[in-house]
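Assemble the whole structure, with the sequences as input and the hints as a guide.
Protein chains: 2
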Amino acid sequence: MTAEIISVGTELLLGNILNTNAQYLSRELAELGITVQRESTIGDNQGRLADFVNEAKNRCDLLVFTGGLGPTADDLTKETVAACYGDTLVFDESEWEKITGYFARSGRVTTPNNRKQAMVPVKGRKIINHHGTAPGAWFEQEGRCAVLMPGVPSEMKAMWNESVRPLLMKRQNCTLHSVTLRVLGGESSLEYQVRDLLENANPTAAIYCKTGECEIRITARAASDAEGEKMCREYAKKFYDLLGDAVYDEDVAGLEETLVRTLKEKGLTLSTAESCTGGLIAQRITSVPGSSEVFGYGFVTYWEAAKARLVGVEPDVIAKYNVVSAPVAAQMALGAAQAAGAEIGISVTGVAGPTGGDALRPVGTVYLGAARGETVYVKKLSVSRPDRALVRARAAQAALELALRLAQGKVPAGTEPLARDAQHSAEALDKLNEVFLGH
Amino acid sequence: MTAEIISVGTELLLGNILNTNAQYLSRELAELGITVQRESTIGDNQGRLADFVNEAKNRCDLLVFTGGLGPTADDLTKETVAACYGDTLVFDESEWEKITGYFARSGRVTTPNNRKQAMVPVKGRKIINHHGTAPGAWFEQEGRCAVLMPGVPSEMKAMWNESVRPLLMKRQNCTLHSVTLRVLGGESSLEYQVRDLLENANPTAAIYCKTGECEIRITARAASDAEGEKMCREYAKKFYDLLGDAVYDEDVAGLEETLVRTLKEKGLTLSTAESCTGGLIAQRITSVPGSSEVFGYGFVTYWEAAKARLVGVEPDVIAKYNVVSAPVAAQMALGAAQAAGAEIGISVTGVAGPTGGDALRPVGTVYLGAARGETVYVKKLSVSRPDRALVRARAAQAALELALRLAQGKVPAGTEPLARDAQHSAEALDKLNEVFLGH
Numbered sequence: 000m001t002a003e004i005i006s007v008g009t010e011l012l013l014g015n016i017l018n019t020n021a022q023y024l025s026r027e028l029a030e031l032g033i034t035v036q037r038e039s040t041i042g043d044n045q046g047r048l049a050d051f052v053n054e055a056k057n058r059c060d061l062l063v064f065t066g067g068l069g070p071t072a073d074d075l076t077k078e079t080v081a082a083c084y085g086d087t088l089v090f091d092e093s094e095w096e097k098i099t100g101y102f103a104r105s106g107r108v109t110t111p112n113n114r115k116q117a118m119v120p121v122k123g124r125k126i127i128n129h130h131g132t133a134p135g136a137w138f139e140q141e142g143r144c145a146v147l148m149p150g151v152p153s154e155m156k157a158m159w160n161e162s163v164r165p166l167l168m169k170r171q172n173c174t175l176h177s178v179t180l181r182v183l184g185g186e187s188s189l190e191y192q193v194r195d196l197l198e199n200a201n202p203t204a205a206i207y208c209k210t211g212e213c214e215i216r217i218t219a220r221a222a223s224d225a226e227g228e229k230m231c232r233e234y235a236k237k238f239y240d241l242l243g244d245a246v247y248d249e250d251v252a253g254l255e256e257t258l259v260r261t262l263k264e265k266g267l268t269l270s271t272a273e274s275c276t277g278g279l280i281a282q283r284i285t286s287v288p289g290s291s292e293v294f295g296y297g298f299v300t301y302w303e304a305a306k307a308r309l310v311g312v313e314p315d316v317i318a319k320y321n322v323v324s325a326p327v328a329a330q331m332a333l334g335a336a337q338a339a340g341a342e343i344g345i346s347v348t349g350v351a352g353p354t355g356g357d358a359l360r361p362v363g364t365v366y367l368g369a370a371r372g373e374t375v376y377v378k379k380l381s382v383s384r385p386d387r388a389l390v391r392a393r394a395a396q397a398a399l400e401l402a403l404r405l406a407q408g409k410v411p412a413g414t415e416p417l418a419r420d421a422q423h424s425a426e427a428l429d430k431l432n433e434v435f436l437g438h
Numbered sequence: 000m001t002a003e004i005i006s007v008g009t010e011l012l013l014g015n016i017l018n019t020n021a022q023y024l025s026r027e028l029a030e031l032g033i034t035v036q037r038e039s040t041i042g043d044n045q046g047r048l049a050d051f052v053n054e055a056k057n058r059c060d061l062l063v064f065t066g067g068l069g070p071t072a073d074d075l076t077k078e079t080v081a082a083c084y085g086d087t088l089v090f091d092e093s094e095w096e097k098i099t100g101y102f103a104r105s106g107r108v109t110t111p112n113n114r115k116q117a118m119v120p121v122k123g124r125k126i127i128n129h130h131g132t133a134p135g136a137w138f139e140q141e142g143r144c145a146v147l148m149p150g151v152p153s154e155m156k157a158m159w160n161e162s163v164r165p166l167l168m169k170r171q172n173c174t175l176h177s178v179t180l181r182v183l184g185g186e187s188s189l190e191y192q193v194r195d196l197l198e199n200a201n202p203t204a205a206i207y208c209k210t211g212e213c214e215i216r217i218t219a220r221a222a223s224d225a226e227g228e229k230m231c232r233e234y235a236k237k238f239y240d241l242l243g244d245a246v247y248d249e250d251v252a253g254l255e256e257t258l259v260r261t262l263k264e265k266g267l268t269l270s271t272a273e274s275c276t277g278g279l280i281a282q283r284i285t286s287v288p289g290s291s292e293v294f295g296y297g298f299v300t301y302w303e304a305a306k307a308r309l310v311g312v313e314p315d316v317i318a319k320y321n322v323v324s325a326p327v328a329a330q331m332a333l334g335a336a337q338a339a340g341a342e343i344g345i346s347v348t349g350v351a352g353p354t355g356g357d358a359l360r361p362v363g364t365v366y367l368g369a370a371r372g373e374t375v376y377v378k379k380l381s382v383s384r385p386d387r388a389l390v391r392a393r394a395a396q397a398a399l400e401l402a403l404r405l406a407q408g409k410v411p412a413g414t415e416p417l418a419r420d421a422q423h424s425a426e427a428l429d430k431l432n433e434v435f436l437g438h
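Protein chains in written order, with numbering that gives the first Met the number 0: chain Z, 0 to 438; chain V, 0 to 438.
These are computed hints drawn from the structure, not numbers from a lab.
Mixed in with the good hints, there may be bad ones.
To be verified - Which stretches of chain V does chain Z cover? Using the computed rule of at least three CB atoms under 8 Å from a CB of chain Z, they are:
| no. | segment |
| --- | --- |
| 1 | 32–42 |
| 2 | 129–138 |
| 3 | 200–207 |
| 4 | 350–357 |
What the hints assert, rightly or not - With a Cα cut of at most 25 Å, we get these calculated PhoX-like pairs of lysine-lysine:
| no. | chain 1 | residue 1 | chain 2 | residue 2 |
| --- | --- | --- | --- | --- |
| 5 | Z | Lys229 | Z | Lys169 |
| 6 | Z | Lys156 | Z | Lys169 |
| 7 | Z | Lys156 | V | Lys229 |
| 8 | V | Lys229 | V | Lys169 |
| 9 | V | Lys156 | V | Lys263 |
| 10 | V | Lys209 | Z | Lys209 |
| 11 | Z | Lys430 | Z | Lys319 |
| 12 | V | Lys156 | Z | Lys209 |
| 13 | V | Lys156 | V | Lys97 |
In this text, a Cβ means the ideal position worked out from N, Cα and C, and glycines have one as well.
So this is what it looks like as structure tokens:
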């Protein structure tokens with residue numbers, strides 16, 4: 000089955016709005032095994048829209064429209080597509096009651112324009128909108144179909160999931176089951192590693208990369224959900240075999256969600272001391288509902304004096320090794336845990352740029368610390384082609400990864416340990432500092 | 000002049016990548032006075048691409064392509080478009096040297112495929128890529144033009160600004176001058192207020208809304224930059240007359256940038272005590288280069304004990320009024336300033352949800368404090384239709400606005416003052432608490 004996605008709205012052509020609907024529908028259609036051949040954005044112009052629909056309906060089996068279902072005079076998608084598919088529209092009393100009720104509840108009155116929204120297909124079918132006033136529509140002629148959904152992303156997604164997706168699954172006579180693996184690691188290398196597994200018809204697997212991690216979404220089409228789940232599990236195993244514990248979780252919103260859940264499971268609490276990330280790590284942790292169970296205190300220690308006063312870094316250590324150094328990261332992490340009475344402390348000190356680097360510590364150099372029990376683990380990050388936002392994002396991601404490994408009871412990879420007892424020993428700090436210089 | 004934007008890449012049709020290029024180019028073309036009539040995304044398929052180009056070149060004056068200029072076999076945009084515009088490609092020695100040099104510097108060797116990238120138009124012109132290996136191309140036939148740029152957003156934007164935009168301005172015989180106003184306030188009401196000013200041919204004005212603020216971009220086309228600037232200034236004045244000091248700055252990345260600059264100008268420093276925003280405010284402030292001049296200490300006081308220990312909130316005050324209350328916000332702000340030795344302290348305590356609200360403090364209730372000198376100003380925010388991320392984003396935005404007003408020496412609108420001396424007085428705190436209950 001082939002499809003095209005059509006976004007209708009002059010505001011899109013002016014660049015006033017970023018079109019996120021097309022990407023969402025592309026992924027969803029791909030999972031249904033429907034090939035998207037073209038995506039188009041058209042303005043609210045009846046002539047151009049009609050020309051477009053007449054061309055497009057002969058190129059593929061399904062046209063998926065978003066937008067142009069509003070009450071204003073230039074919202075013409077429904078009328079135009081109906082005509083192209085040999086259908087007409089009729090006034091629907093129950094939709095009209097819904098619309099007037101909706102307006103009444105929000106203390107407004109309808110205008111004559113609003114009646115347009117209550118028009119529904121005669122031969123085709125209306126699609127109920129449970130989250131707004133504009134119903135969707137389905138048209139069909141000689142086996143070629145068109146579906147119309149609202150342009151507001153939340154309404155579109157809801158209508159897609161509640162009505163359109165099930166309708167298409169029924170036509171395809173299948174169910175879908177998905178699992179999303181979350182994987183730590185650099186984008187291009189990871190993509191290369193798993194490339195062979197991404198070329199499969201069923202289950203499909205697609206990779207979406209973000210800063211410091213990727214998402215691998217596996218989707219199986221099957222006659223039953225149980226069978227789909229089994230197919231997903233078997234296919235997921237291939238990724239686990241290849242990637243090991245770089246796969247840190249399934250079906251979560253991000254590393255912070257896994258970290259908070261793991262801390263809860265183990266009955267641990269965590270504290271942060273952030274310099275160049277400036278609150279970004281605490282912000283990510285507290286974005287997770289229920290994080291207050293495991294996170295109570297965060298320190299943004301931007302100045303050297305703040306590092307000393309809030310988390311007990313020795314001014315002499317800063318003077319000797321530089322504020323961006325392994326010994327300072329180690330003392331910050333230990334200090335954060337102690338000041339908060341937390342089991343785990345994590346820290347970041349680095350040069351986010353655009354200025355402030357030197358030969359030993361160019362912009363993009365970050366030291367991370369992660370303390371638990373009697374040991375603190377230090378890691379160095381060198382972000383190439385650094386810009387301020389990227390350095391901060393990578394540093395926060397790396398810090399959350401260290402925290403997760405400690406919460407899991409593992410020794411984090413690529414780190415150097417220092418004993419808590421040795422944190423004030425010149426010899427031990429010298430040694431720790433040496434390890435990272437020249438890396 | 001009319002145009003279409005064409006994004007080439009199967010990965011876009013699969014939804015693997017969000018297409019941000021189309022929005023960027025839509026805005027830029029609109030500013031040049033070029034009407035974008037359609038945007039399309041096409042896969043890497045030579046037949047379908049050729050069909051498309053042959054249709055599209057007769058519909059408008061200019062086709063703007065991004066993507067499909069890579070070295071692999073399925074990158075066919077240049078060959079295909081050349082043929083449609085009656086042009087051919089020729090191997091360009093200087094481009095090839097650039098490519099081999101680029102590979103050598105990154106320690107790699109070129110493959111035969113890479114030679115494709117050194118092919119340039121015979122009749123048209125190549126467009127130098129200063130930020131990558133793939134040159135762009137310009138084709139022209141009987142007054143109809145096509146321009147090809149890389150798909151990587153950073154390379155595309157650079158080529159657009161360095162070469163394509165100047166070329167189009169020259170053809171249009173004009174220069175462009177732009178100014179972007181930053182405006183605080185609710186999105187829909189603001190858009191309604193300025194709607195008449197958005198319908199102008201030259202200068203154009205477009206509004207882009209974000210959480211708690213909008214951006215109004217004014218662009219004038221003129222024969223000289225000086226004339227364009229004058230036109231922009233005159234048109235901007237209309238917005239200032241309408242919106243007053245809701246316009247907080249021009250040509251900045253966000254409220255945090257204006258705040259940091261204002262603090263620097265006034266020689267002030269600032270500190271934060273965050274509960275429900277969990278570091279988001281500190282993160283936004285420290286995202287500004289040079290913020291270390293004005294920001295040294297940030298406290299994420301998620302637990303009640305943290306509010307007491309780090310910024311001196313009295314446990315009795317929490318017990319009496321609730322942790323989400325005006326008295327607690329006031330003590331947090333005063334305590335943040337004092338603990339950091341900063342002139343200004345800001346604070347947030349609220350119910351971000353999804354759970355945790357009660358009748359007096361439903362999810363979405365946030366108290367903000369802003370202290371300077373002998374006074375702390377408290378404000379209450381009630382976010383309707385709250386979700387956790389939205390509540391946090393609105394609270395951070397409101398806190399930054401309070402801080403900016405204090406830095407400017409103004410009394411922030413919609414706040415209740417409390418004297419520093421009265422922060423431990425039961426009577427004064429009772430009174431402050433009363434003002435906000437039932438709002």
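Checklist entry - Against chain Z, does the segment 350–357 of chain V show at least 3 residues with beta-carbon separation below 8 Å? => result holds (count 3)
Checklist entry - Is it true that the CA of Z:Lys156 sits at most 25 Å from the CA of V:Lys229? => result Violated, at about 45 Å.
Checklist entry - Z:Lys229 and Z:Lys169: Cα distance at most 25 Å? => result This hinted pair holds, its Cα atoms lying about 21 Å apart.
Next on the checklist: Holds or violated: V:Lys229 and V:Lys169, Cα atoms, limit 25 Å.
Outcome noted: 21 Å, holds
Next on the checklist: Can you tell me if the segment 129–138 of chain V counts as covered by chain Z, using C-beta to C-beta distances under 8 Å and a minimum of three residues?
Outcome noted: violated (count 0)
Checklist entry - Given the proposed pairing of V:Lys156 with V:Lys97, does the C-alpha separation stay at or below 25 Å? => result 20 Å, holds
Item to check | Hinted pair Z:Lys156 and Z:Lys169, Cα distance within 25 Å | outcome: 18 Å, holds
Item to check | chain Z covers the segment 32–42 of chain V, three or more CB atoms within 8 Å, holds or violated | outcome: holds (count 8)
Next on the checklist: Just to make sure I understand the rule, a stretch counts as covered if three or more of its residues have a C-beta closer than 8 Å to a C-beta of the chain. Does the segment 200–207 of chain V meet that for chain Z?
Outcome noted: Our answer is that it holds, as 3 residues pass the Cβ test (under 8 Å) against chain Z, meeting three.
Checklist entry - Holds or violated: are the alpha carbons of V:Lys156 and V:Lys263 at most 25 Å from each other? => result Violated, at roughly 32 Å.
Checklist entry - When you check the alpha-carbon spacing of V:Lys209 and Z:Lys209, does it fall within 25 Å? => result 22 Å, holds
Item to check | Pair hint Z:Lys430 and Z:Lys319, alpha-carbon separation not exceeding 25 Å | outcome: Judged against 25 Å, a Cα distance of about 13 Å means the pair holds.
Comparing the model with each earlier hint shows violations of hints 2, 7 and 9; every other hint is respected.
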